[in-house]
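Throw the hints in and build the complete structure from the sequences for me.
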Amino acid sequence: MSNWTVSQIMDQMESRYPKHLQESWDKNGLIVGDPEQPVRKILLAVDPVEATVRQAIEGEYDLMITHHPLFLRGTNFVSRLDCKGRIVHDLIKNDVALLNAHTNADAATRGVAWALAKACGIDGEPFDIVDEDASGNPRGLGRVGKLAEPMTLDQFANVVANALPAGPHGIFIGTPAGEDLATVVETVAVSGGSGDSFLDRAREVQADVYVTADLRHHPASEHLERGKPALISGSHWATEWLWLPHLADDLEAAAEDDGVEVQVDISRTVTEPWIDHRPTLG
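Going by our numbering, the residue at position 70 of the sequence shown is 73; the numbering climbs one at a time, nothing skipped.
In case anyone wonders, no lab produced these hints; they're calculated from the structure.
Careful: at least some of the hints might be erroneous.
[To be verified] Lysine-lysine pairs mimicking PhoX-like chemistry, simulated, CA-CA at most 25 Å apart:
1. K22 with K149
2. K30 with K44
3. K96 with K22
4. K149 with K96
5. K87 with K121
6. K30 with K87
7. K87 with K149
8. K30 with K96
9. K87 with K44
10. K231 with K121
[What the hints assert, rightly or not] DEER-style ranges, computed between Cβ atoms:
11. N165 with G88: 23 to 31 Å
12. P222 with D29: 32 to 40 Å
13. V133 with G77: 42 to 50 Å
On a predicted model such as this, the values are computed, not experimentally measured, just so you know.
For each residue, glycine too, the CB sits at the ideal point set by N, CA and C.
Now the structure itself:
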């Protein structure tokens, strides 16, 4: 059997996560690598950091696909004097290409928000529909939908906790003023990664609970003072990692259709900045 090239995998990614879906400030595409390089092994990860890059090099992968870009803003230097420069040097020296799909993957049909919604038990549609894919499926950031059966917030929080990959962060739960974990939820809104910017939108779509990550103290507190939805805040890494198994499935199915041989693996390295969690007792 033949192999895909990096360029052909770029085409596969563009067909699923077209760049026109990305936010104006975002960066997506081939970061490091030769488009004509054959690819036998692909490693999927959320973050292009030293730990996952080391895994790609030691595992002799030809391509690493991440959710987050290596450089979100412009840079003038890629020397080994800083961590990102070292990553560039190590990838090039070991013939490992690096490709990413970020907010375009957030908004895609089988993207990050879709995967989080599926894990939370809803089908859902985007908060705001940008366009449709070739099959007529709506695309856009976030998802909102109804659970098959209403349940208490306490029960739903357990669903979320059991769905997310294990890590030190866990989840935090906030209830609107006057409510508690016994409140019943049915309509669920989700957005993987940092979700502050969708707090108002989650209320507008009349969600009972909003699942996201990286919620800051003041925006979350002020939101809950105003009422629904309740909030569940996981880690940035965990809420986005759920996309990777679906990406692996899609790439493997496409490879079979094209008659090419490729091994697709998922990094289970926890790339949260935290390594442990302790309840405070003072």
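To see whether the hints hold, each was checked on the structure:
For the hint linking K22 to K149, the alpha-carbon distance of about 29 Å lies beyond 25 Å, and the restraint is violated. Between K30 and K44 the CA atoms are separated by roughly 24 Å; this keeps the pair inside 25 Å, and the hint holds. Of the supplied pair hints, the one linking K96 and K22 is violated, its CA atoms being roughly 28 Å apart against a limit of 25 Å. Distance restraint check for K149 and K96: the Cα-Cα separation of roughly 49 Å exceeds the 25 Å cut-off, and the hinted pair is therefore not satisfied.
Pair hint K87 plus K121 does not hold up; C-alpha atoms about 34 Å apart against a cutoff of 25 Å. This hinted pair checks out: K30 and K87 have alpha carbons roughly 15 Å apart, not beyond 25 Å. Taken as a hint, the K87 and K149 pair is broken in the structure, with Cα atoms around 42 Å apart against an allowance of 25 Å. Pair hint K30 plus K96 holds up; C-alpha atoms about 23 Å apart against a cutoff of 25 Å.
Annotation: proposed proximity of K87 to K44 holds, straight-line Cα distance about 23 Å (limit 25 Å). Note on K231 and K121: the hinted pairing holds, with a Cα-Cα distance of about 22 Å set against a maximum of 25 Å. With their beta carbons about 40 Å apart, N165 and G88 fall outside the hinted range of 23 to 31 Å. Separated by about 22 Å at the C-beta atoms, P222 and D29 break the suggested range of 32 to 40 Å.
Separated by about 26 Å at the C-beta atoms, V133 and G77 break the suggested range of 42 to 50 Å.
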